[in-house]
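Enquirer: Sequence:
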Amino acid sequence: MLSLLAALALLPSVQLGWKAGTPEPILDGNPRWVDLYWKSWENLHAAVIENEGLGPLPSGIVAPGKVVSFDGSMAIALWGRWAWRASYARQTLEFALLLVDNGGRAGKETNGALSTSEAVGIPMSSLAAWRLYTISGEQDVAKRTLPALIRRHAYIATQYSAPVVSEDGKKKAPRIVIPPDFSPLPAPEDFEGQASADAVALELQDAVFLRNLAKAAGERDAERVFGKLSESGAATLAGLWDPKSRAFAGRGTDGEPSERRSLLPLFGILGGELSASVSADALAALGDPRLFYRRTLYPLVPRSDGEFSASSGAKPLYTYLTIRALLDAGQTKQAARAAESVLRVYEAAAGKENALFADYGPDTRAPAPNATPGSLAAGLITVSALIEAVIGMDVDAPNNTVTWNLRRTDRHGLHNLLFGANAVDLEAAARKDDEPPTLTVTCREPFTLVLTWDGKTIKKRFDAGNHEWRPDFRP
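3 is the number of the first residue of the sequence shown in the working numbering; add one for each residue after it.
No lab work stands behind these hints, which were simulated from the structure alone.
Calculated lysine-lysine pairs in the DSS-like style (CA-CA distance at most 30 Å, straight line):
id	residue 1	residue 2
1	Lys462	Lys434
2	Lys68	Lys354
3	Lys354	Lys21
4	Lys21	Lys462
5	Lys41	Lys354
6	Lys461	Lys217
7	Lys335	Lys246
8	Lys230	Lys145
9	Lys434	Lys335
10	Lys68	Lys41
11	Lys462	Lys217
12	Lys21	Lys68
13	Lys110	Lys41
14	Lys68	Lys110
15	Lys217	Lys145
16	Lys461	Lys434
17	Lys21	Lys41
18	Lys110	Lys145
19	Lys461	Lys335
20	Lys230	Lys217
21	Lys462	Lys335
22	Lys68	Lys145
23	Lys145	Lys21
24	Lys335	Lys458
25	Lys434	Lys458
26	Lys335	Lys41
Label-pair distances were calculated between CB atoms; the ranges are:
id	residue 1	residue 2	range
27	Gly332	Ser247	17 to 27 Å
28	Arg472	Gly220	33 to 43 Å
29	Arg472	His417	11 to 21 Å
30	Arg107	Ala48	24 to 34 Å
31	Phe475	Glu342	21 to 31 Å
32	Gly31	Pro448	28 to 38 Å
33	Gly67	Gly23	16 to 26 Å
34	Val452	Asp244	32 to 42 Å
35	Pro371	Asp223	42 to 52 Å
The model shown is predicted, which means the values in this text are computed figures rather than measured ones.
C-beta atoms are modelled at their ideal positions from N, C-alpha and C, and glycine is treated no differently.
With the sequences and hints as input, model every part of the structure.
Expert: This is the structure we're talking about:
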């Protein structure tokens with residue numbers, strides 16, 4: 003491992019002819035968002051280093067400053083997947099998973115030597131691997147990543163479930179620490195032995211995507227194990243719902259909620275394991291201006307938190323995962339509106355250089371004071387949220403299917419959408435508000451389109467070639 007990591011510093015930075023492998027968004031109503039989209043890809047490819055025959059290294063990886071960050075690589079994979087043939091998202095994720103040791107620990111980052119500090123960000127490696135699999139359709143992605151992901155989950159579960167022992171010898175529920183943004187508040191004395199909603203939610207979403215990956219890899223025993231963990235985690239999290247505060251929270255021995263409020267429990271909605279009713283109740287907090295509904299959506303801690311900052315804390319990762327939770331809960335309209343709101347903030351702050359940042363002020367609608375331009379994390383919004391929520395598309399390469407929740411009325415869509423072995427152009431013509439859409443479809447291989455418009459869904463299989471389609475949504 004040491005020789006492999008040391009070789010990283012020898013690799014030259016390159017910029018490739020990457021546009022041929024990158025989808026082209028069409029948004030007549032918001033061309034500046036398209037500019038920000040392409041700027042994110044430029045930022046990513048400026049950080050690509052390509053292997054020129056150096057040992058067992060992958061063909062190329064994304065390593066800003068020739069440093070591989072474990073958590074940063076997972077975030078890059080979550081949006082780089084949309085150009086999975088050209089972005090090195092898969093190679094970057096798989097290389098970062100090499101940092102997971104036999105005990106499931108992952109080094110925070112490396113620039114040629116093993117990291118001595120532990121990666122403690124939001125667990126999202128299974129989510130990133132699953133999303134890469136659904137666009138590539140390559141079973142090998144699931145098979146190759148599964149062992150490291152299982153070790154990582156076991157380690158996280160141990161850390162999240164191990165009680166904290168105070169100086170007086172009392173055992174208290176663990177507190178999730180995601181520095182530098184989310185530090186634990188002192189645990190109440192009566193919190194002994196109780197579950198943490200943060201821990202349960204983060205373990206739950208990880209188990210859900212591990213179950214999916216295990217099924218894709220044909221690992222039936224692992225699928226059963228993580229299936230049971232998903233079911234039990236969802237039941238536990240639902241049991242931590244407090245109707246009075248309208249939040250998930252661990253409880254003290256007196257039965258009262260005793261946990262700091264944040265977005266973290268909402269990430270348990272990712273993957274859709276929670277019931278629709280529980281998810282809807284929990285996500286309602288996103289519309290409360292006293293909590294997470296700020297000028298820049300969504301800060302990790304709410305306005306009511308004592309450590310809330312008006313000028314920092316609304317980060318692309320938190321925003322994207324929250325938007326993804328809305329999508330997985332079926333709240334596509336709310337997700338689209340949230341993504342559009344954040345893109346307007348990014349657009350206003352971008353200036354002539356299309357500068358993108360990793361942190362924005364919830365109340366200032368401006369970059370955080372210490373934020374520097376060139377953020378790769380911003381691609382979670384300018385690429386993933388743009389495609390998945392604003393344009394409303396997603397892909398299921400193993401089933402050769404594209405889903406499109408169509409709500410915009412301008413000319414919009416995606417050209418050169420690559421998934422599996424297919425390449426598809428999907429474009430909706432401009433229309434009036436109440437007018438059904440007219441689509442132009444071009445595809446290299448046959449595929450199925452699942453189109454939702456005005457609350458109605460229709461499926462159509464397209465043969466290879468060029469098509470114009472005006473769907474008939476009548477019963």
